[in-house]
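Trainee: For reference, the chains in residue letters:
Protein chains: 2
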Amino acid sequence: MVQKPLILVTNDDGIFAPGIQALAKIAAKFGDIVVVAPDKPQSGMGHAITINATLRIQKTNFHNALQEFSCTGTPVDCVKMAVNHILKKRPDLVISGINHGSNSSINVIYSGTMSAAIEGALEGTPSIGFSLCDYAMEADFSQAEKFIEKIIAQTLKNKMPKGVCLNVNIPKLNADEIKGIKVVRQAKANWVERFDERKDPYGREYYWLTGEFVNFEPESLDTDEWALSNGYISVVPTQADLTAHSALKEFNFN
Amino acid sequence: MVQKPLILVTNDDGIFAPGIQALAKIAAKFGDIVVVAPDKPQSGMGHAITINATLRIQKTNFHNALQEFSCTGTPVDCVKMAVNHILKKRPDLVISGINHGSNSSINVIYSGTMSAAIEGALEGTPSIGFSLCDYAMEADFSQAEKFIEKIIAQTLKNKMPKGVCLNVNIPKLNADEIKGIKVVRQAKANWVERFDERKDPYGREYYWLTGEFVNFEPESLDTDEWALSNGYISVVPTQADLTAHSALKEFNFN
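Protein sequences appear in the order of chains A and Y. Take the first sequence: its position 238, counted from the start at 1, is 238 in the numbering used here, and no numbers get skipped. Take the second sequence: its position 212, counted from the start at 1, is 1212 in the numbering used here, and no numbers get skipped.
Here chain A stands alone, though its shape is the one from the complex:
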């Protein structure tokens, strides 16, 4: 008997988010799924881990999974908890998402969704983060379904280079408007922030972080931003080496 792949599903919008429901349903077509996801929204958590506080897990049963837990920690904590504590064997695939909103370009470093995928890759497991460029809770994830299936099927079949995971972003389009899947690099971009200053009922200032996304290279054709704004799904092979290799020779402190 051929053993079914074991697929770990997580996210950063929390175990109740529609996006993880959609992803768990797709994943179940490919194997046995285990869901370990944050018990509350953890957007913008980046690669945060919980080291100054304790963690708890709680059995849940929303996703028709082999095993399922909510966790008080970050998305990265969820992957570590699943791989090192909950699962008896290494998963064949870690998938994270579907995120409610884009994780393209510079967003990858702020993204809890992608940090979970990067952590999966660090643990030695093929890993993919999926994001739909639609922040709405009622976003229509079904339009992306067949593309997500294609990417999961191919990842289960082919090998993934060691330490690499995929950052998949899906434009907010109907399935028949999506032109295809482009393998691209992360665009150089940034957020220009503005702090929205308000006063609480006691007269004390508080702030909301807001900002505007700026693509520094809108003319480049090989970036995720270009792919997304031209009707393609972007796939960026992503890894956790932050060394600026090309700059190594520019420094000398002796």
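These aren't lab readings, by the way, just hints derived from the structure by calculation. None of the values given here were measured: they were computed from a predicted structure. Some hints here could point you the wrong way.
Below, a sample of chain Y positions facing chain A; criterion: calculated Cβ distance under 10 Å [said to hold, decoys possible]:
1) G1044
2) L1055
3) L1156
4) M1160
5) N1230
6) D1241
7) T1243
8) N1252
In silico lysine-lysine, BS3-like type, Cα no more than 30 Å apart, as pairs [to be verified]:
9) A:K29 with Y:K1249
10) Y:K1188 with A:K249
11) Y:K1249 with A:K172
12) Y:K1249 with A:K150
13) Y:K1040 with A:K199
14) A:K157 with A:K25
15) Y:K1172 with A:K249
16) Y:K1188 with Y:K1029
17) Y:K1150 with Y:K1025
18) A:K188 with Y:K1029
19) Y:K1188 with A:K188
20) Y:K1179 with Y:K1199
21) Y:K1146 with A:K188
22) A:K199 with A:K159
A virtual CB, placed ideally from N, CA and C, is assigned to each residue, including glycine.
Since the structure of chain A is already known, use the hints to place chain Y on it.
Mentor: Structure of chain Y alone, referenced to chain A:
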């Protein structure tokens, strides 16, 4: 009259940590310092930002700075708040630390200290994160002083490539035992985690994340881990492009 450089000082151990006191004192020799740092320890926060909650800042006066604020957010929030809200002009340098503990190798992606430096670089400012490989609160930061001064002086003088910052790790050695400063790449390494399971007074399980650091390439001579274990200060030019460029050609989903 030549204007003094404006230096933004932050960290992830919180505004009261001895490490930031040491760094602010060194920075004050080079220019006007502004301190904006978390109001509590934020270790392991990675590149987290606060988007689901509000932020507050509070004037403080511990570091003899031109301006000084504690902030309820993460290290990245502190840099964004300083650059976009508190400072009237762009700083000439962002420095973060001195972290109580190593941020070499894979630790860079979990590190709040380094995320503040990366954020500084994204904002277009030369930025450096400093870490001492000693987790103790009573660590002796004075041994590293002259090396930190050298790196700050050189960074203020020379240009930094756009988007690049420095990840500086200092071995726990006396000044006269430190052999010099090596510019190196981030070693391939990982943490093998173990969850320390305990019971609370009510019989419910909770967990502490613990782990063991594993260097996958102890024999490589061009890594930060090699430099540190051989008595050198490691300097890794660091940037926020997570694209696995060498793997781009290995994927095709059409």
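Trainee: Okay, which hints does this one fail, numbers in order?
Mentor: 3, 5, 16, 18, 20, 21 and 22
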